[in-house]
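Enquirer: So the protein lines, in turn, are chains A and B. With the first letter of the first sequence counted as 1, position 107 gets the number 107 in the working numbering; the numbers rise by one all the way through. With the first letter of the second sequence counted as 1, position 48 gets the number 48 in the working numbering; the numbers rise by one all the way through.
Hints may contain errors.
[To be verified] A few chain A residues facing chain B, derived, Cβ under 8 Å: (1) S32; (2) E42; (3) G43; (4) L44; (5) K49; (6) A53; (7) F89; (8) R102; (9) W106.
[As the list claims (entries may be wrong)] Pairs of lysine-lysine residues, derived as BS3-like cross-links and limited to a Cα-Cα distance of at most 27 Å, are as follows: (10) B/K14 / B/K41; (11) B/K20 / A/K103; (12) B/K55 / B/K66; (13) B/K41 / B/K64; (14) B/K20 / B/K41; (15) A/K103 / A/K60; (16) B/K14 / A/K103; (17) B/K41 / B/K66; (18) A/K77 / A/K56; (19) A/K77 / B/K41; (20) A/K77 / A/K60; (21) A/K60 / B/K55; (22) B/K64 / A/K52; (23) B/K66 / A/K103; (24) B/K66 / B/K14; (25) A/K103 / A/K52; (26) A/K103 / B/K41.
[Unchecked claim] A few chain B residues facing chain A, derived, Cβ under 10 Å: (27) Q6; (28) H7; (29) F34; (30) S43; (31) C94; (32) S95; (33) N102; (34) Y105; (35) F106; (36) G107; (37) R111; (38) S113; (39) V114; (40) L115.
Calculated directly from the structure, the hints in this document are not laboratory data. Positions of the beta carbon are idealized from the N, C-alpha and C atoms, including for glycine.
Here's the letter readout for the chains.
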Amino acid sequence: GDSVTQMEGPVTLSEEAFLTINCTYTATGYPSLFWYVQYPGEGLQLLLKATKADDKGSNKGFEATYRKETTSFHLEKGSVQVSDSAVYFCALSDSPNAGNNRKLIWGLGTSLAVNP
Amino acid sequence: GAVVSQHPSWVICKSGTSVKIECRSLDFQATTMFWYRQFPKQSLMLMATSNEGSKATYEQGVEKDKFLINHASLTLSTLTVTSAHPEDSSFYICSARLTPVNIQYFGAGTRLSVL
Chain A
1 GDSVTQMEGP
11 VTLSEEAFLT
21 INCTYTATGY
31 PSLFWYVQYP
41 GEGLQLLLKA
51 TKADDKGSNK
61 GFEATYRKET
71 TSFHLEKGSV
81 QVSDSAVYFC
91 ALSDSPNAGN
101 NRKLIWGLGT
111 SLAVNP
Chain B
1 GAVVSQHPSW
11 VICKSGTSVK
21 IECRSLDFQA
31 TTMFWYRQFP
41 KQSLMLMATS
51 NEGSKATYEQ
61 GVEKDKFLIN
71 HASLTLSTLT
81 VTSAHPEDSS
91 FYICSARLTP
101 VNIQYFGAGT
111 RLSVL
């Protein structure tokens, strides 16, 4: 079945460092790919998405490119801030053939701590 | 836009009582809503998919009689934890799917503590 593999954390960086969180997937068909962020004590927020190969999602300085050839959707940010400290989840949406019950398949999450 | 409200944000209850959690899509209609459970420092576990006007689809291992889901309107789904026990203590999160873009928007979650 479909699956998402995300790099294990925690990741600890200094402010203004470069961030990469790796995410790879296995899927039949043509999934959509997402990054969600969960700040401490809060629910999940959609950070960015890509719906087809070579699409680049971007938001708040974060970027991720849908790479079909490497089945990857790595999250990057050029200069992290303390306020970026959160848990980041990579997810894919399964096949359109699932109809109304299309689910999100989740990675295990990567905790990021940014120190001043 | 695409705001999902979840209520309550935190509830403490005695063992054996039932707790209802509401999930509302405030500015869009959602045919499909999802209920998740999240354990500390772990990923989300999908419990069930809630479709407006029909019975919910439960994931394997989730007791449908324990976790009652009702999706009576296009903007409201409820999860009732019946006869709650301490092992039901967890963080419960709902989401509503915005179509046709197929994006799930999440509520802020409900922390349930069963004493």
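Enquirer: State for each hint whether it applies.
Expert: Checked hints:
{"no.": "1", "hint": "S32", "in the structure": "holds, 6 Å"}
{"no.": "2", "hint": "E42", "in the structure": "holds, 6 Å"}
{"no.": "3", "hint": "G43", "in the structure": "holds, 4 Å"}
{"no.": "4", "hint": "L44", "in the structure": "holds, 4 Å"}
{"no.": "5", "hint": "K49", "in the structure": "holds, 7 Å"}
{"no.": "6", "hint": "A53", "in the structure": "violated, 17 Å"}
{"no.": "7", "hint": "F89", "in the structure": "holds, 7 Å"}
{"no.": "8", "hint": "R102", "in the structure": "holds, 6 Å"}
{"no.": "9", "hint": "W106", "in the structure": "holds, 5 Å"}
{"no.": "10", "hint": "B/K14 / B/K41", "in the structure": "holds, 25 Å"}
{"no.": "11", "hint": "B/K20 / A/K103", "in the structure": "holds, 23 Å"}
{"no.": "12", "hint": "B/K55 / B/K66", "in the structure": "holds, 15 Å"}
{"no.": "13", "hint": "B/K41 / B/K64", "in the structure": "holds, 25 Å"}
{"no.": "14", "hint": "B/K20 / B/K41", "in the structure": "holds, 24 Å"}
{"no.": "15", "hint": "A/K103 / A/K60", "in the structure": "holds, 26 Å"}
{"no.": "16", "hint": "B/K14 / A/K103", "in the structure": "violated, 33 Å"}
{"no.": "17", "hint": "B/K41 / B/K66", "in the structure": "holds, 24 Å"}
{"no.": "18", "hint": "A/K77 / A/K56", "in the structure": "holds, 13 Å"}
{"no.": "19", "hint": "A/K77 / B/K41", "in the structure": "holds, 23 Å"}
{"no.": "20", "hint": "A/K77 / A/K60", "in the structure": "holds, 9 Å"}
{"no.": "21", "hint": "A/K60 / B/K55", "in the structure": "violated, 39 Å"}
{"no.": "22", "hint": "B/K64 / A/K52", "in the structure": "violated, 36 Å"}
{"no.": "23", "hint": "B/K66 / A/K103", "in the structure": "holds, 22 Å"}
{"no.": "24", "hint": "B/K66 / B/K14", "in the structure": "holds, 16 Å"}
{"no.": "25", "hint": "A/K103 / A/K52", "in the structure": "holds, 17 Å"}
{"no.": "26", "hint": "A/K103 / B/K41", "in the structure": "holds, 21 Å"}
{"no.": "27", "hint": "Q6", "in the structure": "holds, 7 Å"}
{"no.": "28", "hint": "H7", "in the structure": "violated, 12 Å"}
{"no.": "29", "hint": "F34", "in the structure": "holds, 7 Å"}
{"no.": "30", "hint": "S43", "in the structure": "holds, 5 Å"}
{"no.": "31", "hint": "C94", "in the structure": "holds, 9 Å"}
{"no.": "32", "hint": "S95", "in the structure": "holds, 8 Å"}
{"no.": "33", "hint": "N102", "in the structure": "holds, 6 Å"}
{"no.": "34", "hint": "Y105", "in the structure": "holds, 7 Å"}
{"no.": "35", "hint": "F106", "in the structure": "holds, 4 Å"}
{"no.": "36", "hint": "G107", "in the structure": "holds, 5 Å"}
{"no.": "37", "hint": "R111", "in the structure": "holds, 9 Å"}
{"no.": "38", "hint": "S113", "in the structure": "violated, 14 Å"}
{"no.": "39", "hint": "V114", "in the structure": "violated, 19 Å"}
{"no.": "40", "hint": "L115", "in the structure": "violated, 21 Å"}
In the structure shown, a violation is registered for the earlier hints numbered 6, 16, 21, 22, 28, 38, 39 and 40, in ascending order.
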